Amino acid sequence: MTESSFDENQAELERIVERLERGDVELEELTRLWERGEELYRRCAAQLDAVRGKIEELARRVADDDQQ
Amino acid sequence: MKVEATEVDGRKVFSVRAFNHGIALWLERLPTVWVEGEVTELRRQDRWASVFFTLKDPEDGSCLAVQMSRGQFDGLRLGLADGERVHVYGRPELYEQRGDFRLRALTIERFGLGAHLASLERLKQKLAAEGLFAAERKRPLPRIPRLVGLVTGNDAAAKRDVLTAITTRFPPAHVLVAETYVQGPRAAPAIGAALSDLCGRGVDVIVLARGGGSFEDLLPFSDERLVRAVAACPVPVVSAVGHEQDTPLVDLAADVRASTPSVAGRIVVPDLAELRAWLDRAHTGLERNARRICDRHAERLVTNRERLARAPHLVFERRTNRLSGTHGRLQALSPRATLERGYAIVRAGEQLVREPPPAGTALAVEVAAGEFGARVE
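Protein chains in written order, with my numbering: chain D, 19 to 86; chain S, 6 to 382.
Each hint should be verified, as a subset may be incorrect.
With a Cα cut of at most 25 angstroms, we get these calculated DMTMM-like pairs of lysine to aspartate or glutamate [said to hold, decoys possible]:
| id | chain 1 | residue 1 | chain 2 | residue 2 |
| --- | --- | --- | --- | --- |
| 1 | S | K131 | S | D166 |
| 2 | D | K72 | S | E292 |
| 3 | S | K143 | S | D209 |
| 4 | D | K72 | S | E89 |
| 5 | D | K72 | S | D209 |
Computed spacing ranges between beta-carbons, pair by pair [claimed, not checked]:
| id | chain 1 | residue 1 | chain 2 | residue 2 | range |
| --- | --- | --- | --- | --- | --- |
| 6 | S | L335 | D | G71 | 50 to 60 angstroms |
| 7 | D | D84 | S | E184 | 40 to 50 angstroms |
| 8 | D | E57 | S | D276 | 21 to 31 angstroms |
Quick caveat, the hints were computed from the structure, so don't treat them as lab data.
This one's a predicted model, so the numbers in the text were calculated from it and none came from an experiment.
Glycine included, C-beta positions come from ideal geometry on N, C-alpha and C.
Same shape as in the complex, but just chain S:
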């Protein structure tokens, strides 16, 4: 069949059939590729020739219809369930009759553990690079929460553990429980919805608890949308998911990571008995400390006063010492000091004698202790 338009009132017009056919032909030229996504809405019936499902992008929920011949699908013996991550090898195709676009699958491979791990690691790196797990993003928990939100599976041991830990430690605690799916493809969106619902009800901290499970069971807790929802949650989130060795990505995005649901319960509330004891100590300490601070200031003031009273005398004394020192040095420079050492000053009349005078000259000799006359021989 050729794709031909007819002329109507001077414009080219295609029939729907011709248009679809043209698009189908064009799509056929596209290459065969691998597409990764989550299987949802899997529809298979023995009387149908084909199996249908929707491949969903786990990141933003983009959808792609997939069709595969039932014979091929059954031959793979994958036993796929909704929510499983797969690689589909196929090519784009248009179902001309309905104008539906879809991927014609030639084969399907289940996303293996290795692929899961690699994909988780890529997601982890990406979110870490965005700073979603950064220590400075972590918020402190309220010291005494007004209302604790608990997101957990219905009838789960995790729920009981958290509630027991909370009420044992802090009996007056108020807890709002949001029961939700904690595994399977509906878990991540359901938990996200529970988080925002609890926030809307005024909780000031949220515990996200789930007991241990298989790697696949815990996968929703590494779902990108949920991890982002936890990081963006307006109140601090404590996560207790799986066992100590499991580290789903929500654990990294949460403000506090608890190793078990019981630990999470103990973390979110203070110990009432301890709190009472602290209050009593604070009360008795209040007056004692006030007095002590006052006393310490008074002691310091007294010391300062003593030092102040001594200081001017010290200054004065030091100045006096320096003065008498200077005086001593001044004295050392006068001729008197030289006479003390045994020297004499000889005068002839008013003149100091510096060279031998003629015989018979009368001299006056001054020594340290006095003066006497003499005559030159």
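Chain D with its partners taken away, still in its complex shape:
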């Protein structure tokens, strides 16, 4: 299974939030959706952290190049 992209995860999370806010959810489904939403949030956050880490690394490398 290929990892879903950040955009896909974010979009699914937003769909879940909107559905919950509209309230047309079976009570039995409520906890399942919430759990799924939390999982998507964790994935998005991890993906975002990874990108941020790369940006910092690149920025450091550019700064080093500039100093040389």
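Position chain S against the provided structure of chain D, taking the given hints into account.
Chain S alone, transformed into the frame defined by chain D:
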């Protein structure tokens, strides 16, 4: 003289002379007509009885030999030069001695400005109908050309203007100049040849520049062959021909039309200083933008999380409210609610009393707050 064949070994054979004569007689029956074309190879000598020239079709170069008596020709006082467009009134004729076919001219009219304009307009309509000038045919110019081709007259101010504009804006530019005729009958084919020569040398954009001139001077730039060559040129062409108000047809076929040679020079190259500044901005912006995009995604994610955390409570609360609402309506339907409003339930023994019972009957009365006994009078 009659055209007669002799019998040789059972076949009819004509002498050359008889054959030519026969053709000449046949041609004489054709009507006198007007023919339009460009005068080329005009040959006139005072000691000759006739003037000769070739009438050339400007579209495909078809040729027609024309002969006119020198006296008639001189009498017209046209002062024709090579390349001029004329109407010739004459009839076909065969010079029997040489078997040469030609047009015997009776009169010649110079193609007037009006006729030129009308012919240009017809050509313009025709080429437009073919889609040669269509906007979707226009190609974008390279952002930074590797090699610019410049087609211009030798020693022309136009050349200097283009080169100055290019080197001022973009000093590292490479320009290949093709000097050529820019007026007269040789201009159109020469410019066409220069275009393909430059393309062969690897230019990736071509500037075609010529300063202002008379209507006739600029005519080669409306020549059908040249207009087609510009449209078919494998690299984009910027035309800067004549002044703003002149619109030779090459201007319409070119990918970009510049009002002057200087403008053409500025169009084909980027401004080096601007380019440097842009690069610097892009470089500094790169990191900042990367962070900003990341931040924006993070903010959105946080908002979504907050909404996610709130949403189940909302759903739950809404469900609870609905449940208690339903419960309230259920309660409203029980008899208890009726007693609350002051009504009483009267029983005689186990039976509900619905009509007056006999006197002395013992009753049980239930009201909202409790029950008590009573007796019928």
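- Query: Hey, K131/S versus D166/S, does the alpha-carbon distance stay inside 25 angstroms?
  - Reply: Cα-Cα ~34 angstroms, so violated.
- Message: Tell me if the straight-line CA distance from K143/S to D209/S falls inside 25 angstroms.
- Response: Given that 25 angstroms is the threshold and the Cα spacing comes to 15 angstroms, the pair holds.
- Between L335/S and G71/D, does the beta-carbon spacing fit 50 to 60 angstroms? Cβ of L335/S to Cβ of G71/D: about 59 angstroms, so the range 50 to 60 angstroms holds.
- Query: So the hint says 40 to 50 angstroms: do the beta-carbon atoms of D84/D and E184/S match that?
  - Reply: Check passed, 48 angstroms falls within 40 to 50 angstroms.
- Query: Taking 25 angstroms as the top limit, are the C-alpha atoms of K72/D and E89/S close enough?
  - Reply: violated, 73 angstroms
- Query: Is it true that the CA of K72/D sits at most 25 angstroms from the CA of E292/S?
  - Reply: holds, 11 angstroms
- Does K72/D pair with D209/S here, judged by a C-alpha cut-off of 25 angstroms? violated, 39 angstroms
- Message: A range of 21 to 31 angstroms was offered for this pair. Does it hold for the Cβ distance of E57/D and D276/S?
- Response: violated, 53 angstroms
Checked against the numbered hints listed earlier, the structure breaks hints 1, 4, 5 and 8; every other hint is satisfied.
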